[in-house]
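S.K.: Dock chains R, S and A against chain V, hints included.
Protein chains: 4
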Amino acid sequence: MVIVMTVNASSLDISRVAEYIGEHGARPHISHGEERTIIGVIGYQHTVRREHVATFPGVEKVIPISKPFKLVSREFKKDNTVVSLNGIKFGDNKPVIIAGPCSVESEQQILETAQIVKNSGAHLLRGGAFKPRSSPYSFQGLGKQGLKFLQKAREETGLYIVTEVLEGMHVPLVAEYADVLQIGARNMQNYELLKAVGRINKPVLLKRGMSATMTEFLMSAEYIISEGNSEIILCERGIRTFVEYSRNTLDLNIVPAVKNISHLPIIVDPSHGTGRRDLIEPLSMAALAVGADGLLIEVHPHPEQALSDADQTLNPLEFRRLMHRINYFITSQENYSPENGEIRVTG
Amino acid sequence: MVIVMTVNASSLDISRVAEYIGEHGARPHISHGEERTIIGVIGYQHTVRREHVATFPGVEKVIPISKPFKLVSREFKKDNTVVSLNGIKFGDNKPVIIAGPCSVESEQQILETAQIVKNSGAHLLRGGAFKPRSSPYSFQGLGKQGLKFLQKAREETGLYIVTEVLEGMHVPLVAEYADVLQIGARNMQNYELLKAVGRINKPVLLKRGMSATMTEFLMSAEYIISEGNSEIILCERGIRTFVEYSRNTLDLNIVPAVKNISHLPIIVDPSHGTGRRDLIEPLSMAALAVGADGLLIEVHPHPEQALSDADQTLNPLEFRRLMHRINYFITSQENYSPENGEIRVTG
Amino acid sequence: MVIVMTVNASSLDISRVAEYIGEHGARPHISHGEERTIIGVIGYQHTVRREHVATFPGVEKVIPISKPFKLVSREFKKDNTVVSLNGIKFGDNKPVIIAGPCSVESEQQILETAQIVKNSGAHLLRGGAFKPRSSPYSFQGLGKQGLKFLQKAREETGLYIVTEVLEGMHVPLVAEYADVLQIGARNMQNYELLKAVGRINKPVLLKRGMSATMTEFLMSAEYIISEGNSEIILCERGIRTFVEYSRNTLDLNIVPAVKNISHLPIIVDPSHGTGRRDLIEPLSMAALAVGADGLLIEVHPHPEQALSDADQTLNPLEFRRLMHRINYFITSQENYSPENGEIRVTG
Amino acid sequence: MVIVMTVNASSLDISRVAEYIGEHGARPHISHGEERTIIGVIGYQHTVRREHVATFPGVEKVIPISKPFKLVSREFKKDNTVVSLNGIKFGDNKPVIIAGPCSVESEQQILETAQIVKNSGAHLLRGGAFKPRSSPYSFQGLGKQGLKFLQKAREETGLYIVTEVLEGMHVPLVAEYADVLQIGARNMQNYELLKAVGRINKPVLLKRGMSATMTEFLMSAEYIISEGNSEIILCERGIRTFVEYSRNTLDLNIVPAVKNISHLPIIVDPSHGTGRRDLIEPLSMAALAVGADGLLIEVHPHPEQALSDADQTLNPLEFRRLMHRINYFITSQENYSPENGEIRVTG
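Residue numbers (our numbering), protein chains in the order written: chain V, 1 to 347; chain R, 1 to 347; chain S, 1 to 347; chain A, 1 to 347.
You may find that some hints are simply not true.
What the hints assert, rightly or not - Only pairs whose alpha carbons sit at most 20 Å apart, straight line, appear in this in silico DMTMM-like list of lysine to aspartate or glutamate:
#: 1; chain 1: V; residue 1: 61; chain 2: R; residue 2: 309
#: 2; chain 1: A; residue 1: 61; chain 2: V; residue 2: 60
#: 3; chain 1: V; residue 1: 67; chain 2: S; residue 2: 35
#: 4; chain 1: A; residue 1: 89; chain 2: A; residue 2: 278
#: 5; chain 1: V; residue 1: 67; chain 2: S; residue 2: 75
#: 6; chain 1: A; residue 1: 78; chain 2: R; residue 2: 35
#: 7; chain 1: S; residue 1: 67; chain 2: V; residue 2: 60
#: 8; chain 1: A; residue 1: 67; chain 2: R; residue 2: 309
#: 9; chain 1: V; residue 1: 78; chain 2: S; residue 2: 60
#: 10; chain 1: V; residue 1: 61; chain 2: S; residue 2: 23
Just so you know, these hints were derived from the structure itself, not from any lab.
Bound conformation, chain V alone (with noise of 0.2 Å):
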């Protein structure tokens, strides 16, 4: 934490918050510049509190230096982590494929759509029985009967299910079907629930808040992880901006940058980052450039007839068109060498 006093500070204010950070068991440490002070701590920090220091005379802005998170962070865990499903595995460089419709609708209509997903080379299947609706008068999910519908198309296909819970009390429930719980981006703040879903021995799939910083979205991931559960895969998902061609826009440079700063697996759901599905192909490939460990893909036998996200779901055919296409990228990866190294030392 570094404070920077004002232009005008007295040396009483000084001592002031000195004396206050010794108080609180660190140490300060002052740099008197031309122009204003500034004073470092030193030491455990978190006993010296930025809004406490905030409210001191002479004090005009305090700025923190470590970060909030910790479990979830490269300076704790230096290595990947990697969130495996019996060989299916996040963050271990080859991208895996969640498809699916937005909601469960019926038996036949989840059956089919397994079907297609698994034909087409994806990997998991994804599919809300509890759907949190922006209207109390749309289609608020078949709860208990649709993990149920999952449940057989697991049998059927052998894809495992990625699936939305809603709040702490369903953690059990949803946890018996599902073989990954989805935190939704409304529920990204929703602490009771990550607190819950901390407490499960399976993966979780937490989906950006649509207004959430990279950091917010870490802390959430950290109010999981700090109950004991460590597989955690992020999702980014679009989030809000004064954009009207396309429902979120899409921030792919999260995507880097949380690999930089954290250990955990990060997905693209390009589905609602553009809410078009004309924009869904261009953007998937985007996202596995970019690097992202996975892609959640919304894909229903007639889009035209799905009870929630149409217009920005595929086709079996776009579907399949699209996977091909991503194949083709993940194999011509593959083959990809760097520059080599007599290269790079004689840069």
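M.R.: What follows is chains R, S and A alone, placed relative to chain V:
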């Protein structure tokens, strides 16, 4: 709903859309423009789904016309909803002031604050017992013990209590102690929680999510009202923008905009809306001038020791000065008479 | 400037940064924390470039401490700058009202509007002769002819004239006719234009760019003042956000924030800041309550025939009512006395 | 244009709107819905002004249907515009790489960079002679001298030159030295400048403003094309959002969105779009994968000494590695064949 066809939509494209509308219990109304065709949907519209129509060939975009909310709209109920607590009225022209600390920290702290709030002439006491903190390592509130301290503050001062509830399971407990249940910004789209507070018969203070549109805000209120509880107080608390000098951007445009479109009262939280102690007073005055039905202000006997939000909390003296100014403003407004009828006629 | 080193920065990394600082005429002040090292830069700082230091190995981030602006800051000049036009004063407590049409459309239109503006008690007349329109096919203003009509309006009413200038080449021409030159939001970072108006000796009304931070806004004012012209009136006119119910989000937080940090006056434009006629009155009142030094309001004799901005323009009756309310507010404020000294002492 | 009447609009309100439409050379098409009436405008629409209709009693909102741009739209010109410079083609499937320093700093610096750019296989050299800096105290570029150094770099390497022009008056001078004239983000709505570059016969690289919508971006291109110059290369360079870990948010959604709606080529600037050296490579790959027609990358022989943008500039080695990876990607894409026809039929 208005469906805009592409410039080169065929007549088959047009008739397919028209047919779909007819099959779903509504009537198409086709306008052949010089450039493109537009199809209006007349009759019951909820069966005609925007997302489905958007997937038809030849459809460029689908524009919703009806508002998605009903019970909260002024079209449904013309007169203002007045939320009353034994004589204190939200939505009845005279602003209501709610004040108190971010968190209940101890019995002494909340009792001391309650006296300050009462003596300064504010109307309700706020204080968090369950706190949604972005870090799992931050103070999470005193929980049930905090509720008991709030109860004691009410007994001593007679002030009604506003406190936050974080999840559906806690609603009965919090409702036992609180007079008004607060839904925080992070939970504005926690629909399970909204439904839960919709089923009690105590007022709900619903804070706007930090990137919620007005429509989403009102849809969240619709969740509550559709469960039977119409005692809703909306609260603007700042939105997230690129701005760097205040924690959030207080959006006062929404106050008169909500009043045009809805019958619900709306108050303003200048503490979160600015995040800076020095901006609370001017923005409080602006909120009253724009027509807010009340204010929600953070005050603490010793902000420099507060366990949360210290940098956006007034001390007792600052709060008393603000209340003095607020009361002057309210009184001066009561004496205001708009230009008289004659002038309007001749204008 | 404070340089934060990474957790695993080597002592060589640290000494290289220190050396760079020394070589550029400043002194490094090194704090070895438990986790990481922080280096303060003491002395003349403009030679030590933030972007360069950021490229050194082991540097995590560089935090600027000094404000990038000087002449516009309150640290440089403690007292308010008051911009005067023969008795009309911006920045001298009493708000100044500027009103008029978006565009000068005809001699009759501007003369008629000038009478309305004058009769309602407003202080300056605005009107665009050169219009920056987002479409090349929209009305672009009457140009020099428009300036002449404005001049005639001044002759007839005695009102001073505010009008926009779009490019450096036009500055002498516009300055010949205008009393205050307006720089529009789209040109806030048109530095050639800023320099040009910095060289004249007439007041400049500088509108905030639609996504400008406060720092950028003040830096643009710094461009003008650094050329010699300190007669600058800042103008908040709404920022671009995700909000859908108003054209822009009027950011009133910036008014007291600017006043803290700068000596320049700042006014508010509720017409552009809302984009909706029904929001102009409440937001005008809010702007005055927050402490704005004035308002810029669009008024037209017949908004339904205006060639631009019709939907955010008041008609004469609405404007007169607003002025009546504004005058009541100003008078009531003049009678306000804050709590007296004794109470503050005992608080 | 579609006019939505309020629920309680009277038949007089409706007939007044209809009459206005008729008087302005178009035809009203009235749909009486169950809830409200909607009026379509058929025929030539530019005479019927949205803002005027919005001021009529009983009008709730006016929804534009036609796109405001014409000459840049794919409806106007179906085939891609290919901007050619002696064999280098923007918009012809193969991406074009433009690279160079932010600013031209000296003859040696630009000649050295030009060699690096050429040897790495990039196609054009960029470098700023006139620099728009947010501080008046920052390096403002070498001006005409910088243009001469760029000319020398072209003579030595054969690389074409891209450089920025800041105001209309400078256009002839810059056009004398540059092969492509760049309009920077801050000047995207400097209409006088747009008109000036619309009158020359050299390609224009138009950067998106930092909070420009796609419509505004294309309207700015429309300004250029409407003056006669259709050699326009659009450039996405990141938008301003709340995000804190990158200088801007690179919006790759706009690339395929623009290609749907316009025939103009669009390239991507990952240097400004991220503002971080470590994000340039991954976002460059993403931009190519999403279908960009080229990249604009900052490279400098010694970023740690660059006079501007040092922290988003690659050094020669990093740039060479990136070019190696780009070339691998381009080659692998050339060998890609989508799924064949049979599969599509059976899909």
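S.K.: Now look at each hint and say whether the structure bears it out.
M.R.: The hints, checked one at a time:
1. V/61 - R/309: Holds: residue 61 of chain V and residue 309 of chain R sit about 15 Å apart, inside 20 Å.
2. A/61 - V/60: Roughly 46 Å separates the two Cα atoms, so the pair is violated.
3. V/67 - S/35: The hint holds at about 11 Å.
4. A/89 - A/278: 29 Å, violated
5. V/67 - S/75: Measuring from Cα to Cα gives roughly 32 Å; hence the hint is violated.
6. A/78 - R/35: This hinted pair holds, its Cα atoms lying about 16 Å apart.
7. S/67 - V/60: 12 Å, holds
8. A/67 - R/309: The hint is violated at about 47 Å.
9. V/78 - S/60: The hint holds at about 17 Å.
10. V/61 - S/23: Violated, at about 29 Å.
Consistency note: the structure conflicts with the earlier hints numbered 2, 4, 5, 8, 10.
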